[in-house]
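*Asks:* Those sequence lines, one after another, are chains A and B.
Start counting the first sequence at 1; every next residue gets the next number (my numbering).
Start counting the second sequence at 1001; every next residue gets the next number (my numbering).
If you're looking for bench data, these hints aren't it; they were derived computationally from the structure.
Note that the structure is a prediction, hence the values are computed from the model and not measured.
Careful, some of the hints might be misleading.
Derived contacts from chain A toward chain B, CB cut-off under 8 Å, selection only [stated by the list, open to error]:
hint, residue
1, SER3
2, ALA9
3, ALA12
4, LEU14
5, ALA48
6, ALA70
7, PHE80
8, TRP95
9, THR97
10, VAL103
11, GLN110
12, SER111
13, PHE112
14, PRO117
Derived EDC-like pairs (lysine to aspartate or glutamate); straight-line CA-CA distance at most 16 Å [claimed, not checked]:
hint, chain 1, residue 1, chain 2, residue 2
15, B, LYS1211, B, GLU1344
16, B, LYS1308, B, GLU1252
17, B, LYS1308, B, ASP1332
18, A, LYS88, B, GLU1343
19, A, LYS88, B, ASP1150
20, B, LYS1308, B, GLU1343
Per label pair, the in silico range of CB-to-CB distance [what the hints assert, rightly or not]:
hint, chain 1, residue 1, chain 2, residue 2, range
21, A, LEU133, B, ALA1036, 55 to 65 Å
22, A, MET82, B, ARG1335, 48 to 58 Å
23, A, PRO113, B, GLY1363, 51 to 61 Å
Cβ coordinates follow ideal geometry from the N, Cα and C atoms, glycine included.
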Amino acid sequence: MISLWHYLAVAAALFGIGLVGFLTRRNLITMFLCAEMMLQAVAINFAAFARFHGNLQGQVFVMFLIAVAACEAGLALALFLMLYRRGKSLDSSDWQTLRELGVPPAIDTQSFPAPAPVEPDPVLSPAGARPALSTEEAARV
Amino acid sequence: MDLSTFSPIQLVGGQIAIIALLAIIGFLLLLPRPQARWVTLGTASLIAAVSGLGAWLYTTFGKPMPDLIGTVLFGFFSVGALGFGSVLVTQRNPARGAIAFAFVILSTCGLFLLLAAPFLMAATVIIYAGAIIVTFLFVLMLSQNDGPSDENDRSREPRLGALAGFAFTGLVLFSLYLGSPIPASADTSKAPAASLRKQLLPVVVLNTEEKALLQTALVSLDSAGEQLSGDLTKDRDSRIEYFTRIKNTLAEVVGEPVQFEPTSAKTAVSRSGSVLSRLVRLRQELNADLELYRQDHQARAVVTQAVKLQELNAATYRKLETNLLDANPNSDLARAEVAGLREEVLLLMGMGELPASNVSNLGYQLYTEYLLAVELAGALLLVASLGAVAIARRKGVPS
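Okay, chain A solo, but in the shape it has when bound (with noise of 0.2 Å):
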């Protein structure tokens, strides 16, 4: 039989899974995700113990969870919206000008490969003479 023990520990899995792509991921949009992920494993333990218990209140928190979760979706994707018309760019690295006074900034030393060279399109070479234009049709156009 599985018991309750089994869903807190999958549950702490899949937290600390979260907790590790909120830590290390700097696209925000994936770093809200990966949020969303933690409240989902918090969402498991109330339900396991709702069920381990026989009763519903943790089903009732599991409903406020959730409806918290939608607020917090909503202000996310708005404040993310308004970063990403001040700063082009969804990094949140971008505002570490924001960060304590006294903490050295994080700068990127790896650089990025050079990117593979691309084959140039091919360019018909003009055939044939170019007409001379007239005066009459230079007044035309």
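Got chain A; can you put chain B on it based on the hints?
*Replies:* For chain B alone, kept in the frame of chain A given last:
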């Protein structure tokens, strides 16, 4: 190395540390970075971590596994959730990450179903389907797809981040182990007899007749207001008879206290009620293995509630009787008594229905006990939508 020199707690700590280390290595190899990633080794390390977690769970908590289908489904959904969660964290392309997140949500919805929460499953699918589509729109709108970019192909402090996340997870798992009843009873690992287990698993907490009886009592209690209206000094006998009928209906299910039996004509079964006799008899049959019985929290909760209702039923009837036979019957007091009894009957019915048809009970709880919180959540949603509009509005641009 002789493993028997370590205590069980040290062994469990070592196992959890190995699992966490494998997960850290996997994420270090897989997190986005400008150089090429070592995908094969990272994936293998993550798979090893997940299977290590599964093996640890099986050996530590899950030795008796009679419920094969439930176990397989649980494994399927939890591996799905963890695997797609890892894809979301390590995927460079945020659009693919959003798809992986959709699968994480579906997997957790499967876990919700296994946990007897069908309404939560439906609500999560509906709400997160919308949320994911909106996120998808944002990804398509805001991300540029020309070559490597800072936000998608770099990680912030991957070593420290992975260490923090999985050290946290390892500590939670370790404290789970310490908090579980396993370490206390590690030596007495006697497997319960298979026949007893088969008897226990499909326990019907409230059967159909008991539900019907409770429903009848509930309907009578609902219309008890008519009996308590008008001049209470008249028709005392018919009123008392009405409440006696309710009391007897309830007593068939939950029984009545012994001192209210004037004669010993009734059998012991009818005195303790059908619920209690069935569930307690079951416990006596399972006496050799009380531990397994204790795992069924629902049966325990129903027994507790039935005992409570048994006493309340008798007490309410006694109070109603004295009230109605009084020279000045108090209608309000009687109504309050009836309302209190009705609530407990509803609770017992709800507990009996919990694993399967709990949607209506969830609604009942939300709109009785948590009404204020529901209103607050609604207000919160309204404020959040206003805030989102206020944040996203373009300032200084004439509309």
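*Asks:* Determine for every hint whether it applies to the structure shown.
*Replies:* Quick rundown of the hints versus the structure:
1. For the restraint placing A:SER3 at the interface with chain B, the shortest Cβ-Cβ distance is roughly 6 Å, inside the 8 Å limit, so the hint holds.
2. About 6 Å separates the beta-carbon of A:ALA9 from the nearest beta-carbon of chain B, less than 8 Å, and the hint is met.
3. Because the beta carbon of A:ALA12 sits about 4 Å from the nearest beta carbon in chain B, less than 8 Å, this interface hint is met.
4. At its closest, the beta carbon of A:LEU14 sits 6 Å from a beta carbon of chain B; the interface hint therefore holds under the 8 Å criterion.
5. Interface restraint check for A:ALA48: the shortest CB-CB distance to chain B comes to about 6 Å, inside 8 Å, so the restraint holds.
6. A cut of 8 Å between beta carbons decides the hint on A:ALA70: the least distance to chain B is about 6 Å, and the hint holds.
7. The beta carbon of A:PHE80 is positioned within 8 Å of a beta carbon in chain B (closest approach about 7 Å), and the interface hint is therefore held.
8. Of the supplied interface hints, the one on A:TRP95 is violated, with its beta-carbon coming no nearer than about 12 Å to a beta-carbon of chain B, more than 8 Å.
9. For A:THR97, the interface hint is violated, since its Cβ never comes within 8 Å of a Cβ in chain B; the closest pair sits about 15 Å apart.
10. Taken as an interface hint, A:VAL103 does not check out: its beta carbon lies about 13 Å from the nearest beta carbon of chain B, beyond 8 Å.
11. Proximity of A:GLN110 to chain B holds as hinted, the smallest CB-CB distance being about 5 Å (cut-off 8 Å).
12. With a least beta-carbon distance of about 7 Å to chain B, the hint placing A:SER111 at the interface is held under the 8 Å criterion.
13. About 5 Å separates the beta-carbon of A:PHE112 from the nearest beta-carbon of chain B, less than 8 Å, and the hint is met.
14. Because the beta carbon of A:PRO117 sits about 13 Å from the nearest beta carbon in chain B, more than 8 Å, this interface hint is broken.
15. Proximity of B:LYS1211 to B:GLU1344 is assessed by CA-CA distance (about 14 Å); at most 16 Å being required, the pair is judged to hold.
16. For the hint linking B:LYS1308 to B:GLU1252, the alpha-carbon distance of about 15 Å falls within 16 Å, and the restraint holds.
17. Of the supplied pair hints, the one linking B:LYS1308 and B:ASP1332 is violated, its CA atoms being roughly 23 Å apart against a limit of 16 Å.
18. For the proposed pair A:LYS88 and B:GLU1343, the alpha carbon gap of about 58 Å is over 16 Å, so the pair is violated.
19. For the given pair, A:LYS88 sits about 12 Å from B:ASP1150 by alpha-carbon distance, which is consistent with the 16 Å threshold.
20. Restraint check for B:LYS1308 and B:GLU1343: the C-alpha separation of about 12 Å stays at or below 16 Å, so the hint holds.
21. Look at A:LEU133 against B:ALA1036: about 56 Å separates their beta carbons, and that is inside 55 to 65 Å.
22. Between A:MET82 and B:ARG1335, the C-beta spacing of about 57 Å keeps the proposed range 48 to 58 Å intact.
23. The given range of 51 to 61 Å is respected by A:PRO113 and B:GLY1363, whose C-beta atoms sit roughly 57 Å from each other.
Violated hints, listed in ascending order, are 8, 9, 10, 14, 17 and 18; each of the other numbered hints is respected by the structure.
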